[in-house]
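Visitor: Read off the chains here:
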Amino acid sequence: MEALQKSAREALENHKAKVIIGYSEGSGGRMRPIFVQSPAEAEKLTWNDRCTQNLAVYIAKPEVQKLGKPALVAPLPVLRAVLQLASENQIKEGDLLVLALSDGRVTELSQFSEMEEFVAKTPTHLASKDQEAIERLEKMTPQERWQYWQSELTRCFKCYACRAACPMCYCSRCTVECNQPQWIPVPAHPLGNWEWHLMRAMHLAGRCVSCGACGDACPLDIPIHLLTMKVEADIHREFGSQAGMKVQSEHALSSFKVQDKENFII
Amino acid sequence: MARIGVFVCHCGENIGATVDCARVAEACRKIPGVAHSVDYKYMCSDPGQTLIREAIAQNKLTGVVVAACSPRMHEPTFRRVCSESGLNPYLCEMANLREHCSWVHEKSDVTTDKAIDLVAMLVEKVKRNKPLHPIKVPVTKTALVLGGGISGIQAALDIANAGHKVILVERDPSIGGHMSQLSETFPTLDCSQCILTPRMVEVAQHPNITLYTYSELESLDGFIGNFKTRIRKKARSLDEKLCTGCGLCTTKCPNKKIPSEFNTGLGMRTAIYVPFPQAVPNKPVIDREHCTYYTKGRCRVCEKVCPTQAIRFDQEDQIVEHEVGAVVVATGFTVKETDFFPEYGYGKYKDVINGLQFERILSASGPTLGEVKRPSDGRVPETVVFIACAGSRDPAKGIEYCSKICCMYTAKHAMLYKHKVHHGQAYVFYMDIRAAGKMYDEFTRRAIEEDHVQYIRGRVSRIYERNGKLIVQGADTLLNAMPVEIEADLVVLATAGVANEGAEALAQKLHVSYDSHKFFVEAHPKLRPVETNTAGVFLAGACQSPKDIPESVGQASGTAAKVAALFSMDELTREPVVAVVNRTAPPLYSTCVGCFLCQSACPYQAIEREEIKNRNGQVVKTIAKVNPGLCQGCGTCVAFCRSKSIDLQGYTHEQVYAEVMELLS
Amino acid sequence: MTSFSNLYKPYLLRIERITEEAPGVRTFRLAFTDQQEKERFHFKAGQFGEYSVFGEGECTFCIASSPTRSDYIECTFRQMGRVTSALMNLEEGDTIGFRGPYGNVFPLEAWQGKSLLFIAGGIALPPMRCVIWNALDWRDRFKNITILYGARTVSDLVYKHELQEWQTRPDVNVVTTVDPGGETPDWKGKVGFVPTVLEKMAPSADNTIAIVCGPPVMIKFTFPVLTQLGFEPDKIYTTLENRMKCGVGKCGRCNVGKLYVCKDGPVFTYAQLKEMPAEY
Amino acid sequence: MQKRSIRRAQINVLLEKLLSLHQVIYAPQKLGNQVDFAPLRDLQDLTLDHIQTVRSAKAALFPPVEELLRYQRAGVETELQDRDLTNLAEQVLFGTRPCDAAAIAPLSAVFTTDDQDAIFARRLERTTVISVSCERSDGDCFCTSVGVGPGDSRGSDLLLTRLQDDEYLAEILTAKGEALLQLAPELFGPEPAESKEAHLAKVQKRFDWEALHDKLAGAFDHPFWLRTALACLGCGACAYVCPVCSCFDIQDEGSQKKGRRLRSWDSCGLALFTLHASGHNPRSIQSQRWRQRMMHKFSYMPDQLQQLGCVGCGRCSRACPADMNLIEQVENFLFA
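Residue numbers (my numbering), protein chains in the order written: chain A, 615 to 880; chain B, 224 to 888; chain C, 2 to 281; chain D, 12 to 347.
Hint data in this document are derived by calculation from the structure and do not stem from the laboratory.
As the structure is a computational prediction, the values presented were derived from the model and not from experiment.
Among the hints, erroneous ones may be present.
[What the hints assert, rightly or not] Far from chain B by the CB rule (all over 10 Å, computed), these chain C residues: (1) PHE44; (2) LEU109; (3) ALA111; (4) GLN165; (5) PRO217; (6) LYS259.
[Claimed, not checked] Incomplete in silico selection of chain A near chain B, CB under 8 Å: (7) GLN761; (8) CYS792; (9) SER869.
A virtual CB, placed ideally from N, CA and C, is assigned to each residue, including glycine.
Let the sequences and hints guide you as you build the complete structure.
Guide: Here is the structure:
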């Protein structure tokens, strides 16, 4: 904790960053994102297992951008989100600093190559509760799984907290908000909910950094992160690529390669 | 205010016998927005077309649906009719009542109902069609030909003779390619160099051809008619303008023990060298890897002896840039080395050689001056075993395909050997003899029947050395797999023809596809054999798959015809069915967020970046932009765009959605 | 059990006539399909309605025709989004939905005896056309009537025929202008932005009401000019166009401060606007 | 108003009775790790051992998706089918907390002031509210700061307060409450001797809403909004769990030929809420939208409808993925 506060303080004092986006103790045992702009405030920064928000989500926010160059307190998923955003041209090198957290140490990273190296040597497995939940779902029959998701997704009231909490959901106009035509129904009825969540899972396929922030954000505790995590794991297994590992990465599902079979094109 | 005209065609009995066309026309009349609906026996006939023309004028139609056959067949016909009647041709659509309905169903009411649905869907689509205009792209009438082998030479000459500029780029110091290495050519046994050299000279002297030898493609950008290319001219260490090609430097170079590439390692060359006497251009090049000056910092003999002071040790690679309208890829192939074959000694037996090496041994300009001498001791081999299909057609070796030329050149080799060593014995191990081609089968038969080459059907399992002889162990599968063992003096492997090293990297530079063997892939194996999937990039010769000389030349001329046809136009007209990135009012400007995943998904490199600037000239957003010259309208980007920011003109989200909703409601 | 009627159930109106005004801009003349509904229906200048294409949704426009002509209502719209695009595909004879009239009104009765200065830009003439015709139909109740109307280009001017008609009337002073570069060779009006032209016209503020409708940027530059010319803020009227859905002050969209534009507006004076948060 | 007593077991008997009369009972039930309001199918699922449900009971009066009408088109003619309100079920909100019951007043003020929203009004007419006073509270509760209390009877037809282990005080507050009593008078005992005050949760008053209201009036351009809204992600979680928030959207579903017009929940926190078709957005950044939420609840609604838009249930604080705690925000604002 002291190491994190020290790094943050130094980053501000040395003008390496104008704002540190980090975690602090919030209300009712919850953690809260904070925006530290002066060295004195750095003591509010903290880090523990309850920090589930993915802070990379704030990089694109206009109000945050106005504060100047940010430094992100970055446990692995945040760092991966940064790299994935970079690979999708949403961040430029030098736009931000990362205070990477691992094993209680803080590493200051400014170059993408440094971040890539850091990520490469950090294990990326899912949290055991998520892994177990996915395995439980995999063991279900299709009918059971259908039932499960039916009951979970029917509860959704489409507050879009999942989307808001996801650093990869940065579109200025989400597909559900495209109304010419209105592909995805707006209302939160079962069909509209299914279409929304399946569409989101597809849109995150190959892009999800498996941070789980969407599921944690859901006020109704719907484990939607399992959908994107499962798709991500499948893509990792089938194509060998993992989101948020490299800036110049080949996006498994959106890369045309000349050696791809392409009989379908002509 | 849509005023759509529906024209239902009976196509004679084709549709009329199965679908109640009158009922279709009547039902369509009731669709909101349909101002006119008729049926007619042959809509594509003159009277049929006249019906459409008159209806457009009388009913002030804003869109036309012709319910007839496949749009593949008559869409151009009906679009032309609309165009002639003052209606934008892209406001005309066809509902395919023949292939999609009458041909695949029995006559019944539900078949007619389906026909009505098909038309109604198109009516909803046409209501949302927008006038489109063909895209015009200017054409730079210069062709880039990559590779100076026989294919490249032929293509370059044909294009140049058609009156267009050609830039010919060859990686080696001389053009000529593999053909220049060959002794005689099948099936006529005329001297390869004798027929090739005049072509080489013609290339060098052609006013329309700019030749870059010892050069490689650095990059290719742009699109059909409008490519920009950068070519790396590797440093020859020589001022080519001053050099007269006298050859003094090559004779005086003290470094004489460098295996000659031209002679497939069977002969030696100097560090400053001309690859072969007939080279074009006849100018030497310094091999910096072996030159004593470059490796040890002293010598400079060539510089001293050069009568024109043409040597330039400090010369650097040079990048030249050209704008070209088309690219012919004719980079050829290579053959497997003998070290690929563990069963034949991993290349360690000097007297196990490949076919190309045997060509050099047979060649009058070769290391033995045409006398058949084996590499190990220079003796004339008394028994020579030729092994066909060395590597080819062998999935275990990862080369499933037939290399196509080996049967013929093996017959030629055996025949030429017999012509030169009359008492010698030639054996050919083969699997099948593939001699389809004009005078080809006759040729192999001559080898067997007239020159008494002994053909054994079977594979050679092993070669090993025993008492100075190569023991070739195989089986004769025509004799019940009877083991065969031959004591040979020389073994010639007809090794598989494979893609060049670097073919993959080149394909990526050119944005063309390649197969699992790294051969470049044609756009269609039958109907577009010389085109690639990248418009404006064409293929010729063995870079596509192993080919013999007649086929390579034929394909090169075919390619040249394609290029000449392209260059016959000042502008290319393209279908406007291309993707477009949406634009919205500021401050959003576009719903595109610039993730550029479409860019990596596009098979045609058609997605570019566009910077949107505000009034003060500051970049406020970078979004995707589709280059209409490159876009083929495949729709991959449309499907991929998460924010639905890309639409395919003529098949917009709105149109497709309206069609689907019409069907569902 | 109390009897309620469905607030969101629209009237069905038939498109009687479609007029092409400018590129992407059309006017529909609409008539009630139900005679009883027609007779019950009354509105005043400045009010708006929710027009619907069933299956696409609803869209908000002012009623562009005058309440003095009660056989029909008219609306003019520009193709912008989903509903207006669907409206574009409709034909004469088609039915659309209409809810309204909603909102407050221009207090024409209170303006009696005064001069009226109408200032409009682009597609914002329609909400004002209602007031203009209302005033012209009551011509003797007002003193001078001046109309300043500008658009980006000549082709973007809407109600071209009516502009001509007003121009030929001796009792109306009409000034039309297009933005620099938007003029055609035979353009006889002025060239220049509306606030600039207004400044040069320098109409008298004496006993005059100014009614301003236009894009936000035009309004922003017009108010200071009017103030400079001596117009009091409570003598300057405009109409706001916040996003709306319900039209009856419930859905929350058009909320500006403690007001709902749909219920407490859309007509506001400059004096009122100054008191409101700038969320429009 | 009369006071009676009722035992825990008899409450269940009352609910059974209501179920047998085909009344829909919305009641708190355990769902995974949460307690949420949902239509009660089995009394086993009922729980009262919670501080607050995740969602409010708002959905029973103002469902997340509501059909407004159906349409069908043939040629140029359109036929509208009005929403049939005669078959709306009688329903009971059971186990609402006093804050939830207090939220009905501001909610109906929105829907019934000036133009009556028929669907809402009809639902409200057919709704009976049986609230249960709070015995416990947590740090997110602040009902007392906004004029509500843990034993407040406002909005309830019947208010239950637990006195002993299984004995409840039953306050019959309205005619609908009286009807409940009449439904099964044998279930109710005499008025208990004890008053409820000692059994209510102690919710500390954190701020003075009138002071807040007054300060907000001049605070539209206060730098506070920009600073404090940095963490706000712009989702609708706070609005969707709120018992008062009632912004909605109207959308058609189906084709142009046939379909229905639906009303669905919307939120002023979502970026596109106020976006004009022209691309202009009066509230283009999140801090403006956050300000709107605060202003609307504590300034605009009291001015417009004489109702505070907040009942202090604390759900928004619990649901917020960025921990934008409302009490803290208010306290910070009052000191800012």
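Visitor: Work down the list of hints and note, for each, if the structure agrees.
Guide: Outcome of the hint check:
Its beta-carbon lying about 27 Å from the closest one in chain B, C/PHE44 satisfies the requirement of being farther than 10 Å from that chain. No beta-carbon of chain B is positioned within 10 Å of the beta-carbon of C/LEU109; the least distance is around 34 Å. Interface exclusion of C/ALA111 from chain B stands, the closest Cβ pair being 37 Å apart, more than 10 Å. With 10 Å as the threshold on Cβ separation, the claim that C/GLN165 sits away from chain B holds: the shortest Cβ distance comes to roughly 24 Å.
Chain B leaves C/PRO217 outside its interface by the beta-carbon criterion, the shortest separation being 12 Å against a cut-off of 10 Å. Distance check on C/LYS259: its Cβ is at least 28 Å (rounded) from any Cβ of chain B, clearing the 10 Å threshold; non-interface status holds. Nearest Cβ of chain B to the Cβ of A/GLN761: about 27 Å, over the 8 Å cut. The hint is violated. Nearest Cβ of chain B to the Cβ of A/CYS792: about 4 Å, under the 8 Å cut. The hint holds.
For A/SER869, the interface hint holds, since its Cβ comes within 8 Å of a Cβ in chain B; the closest pair sits about 4 Å apart.
When each numbered hint is compared with the structure, a violation occurs for hint 7 only.
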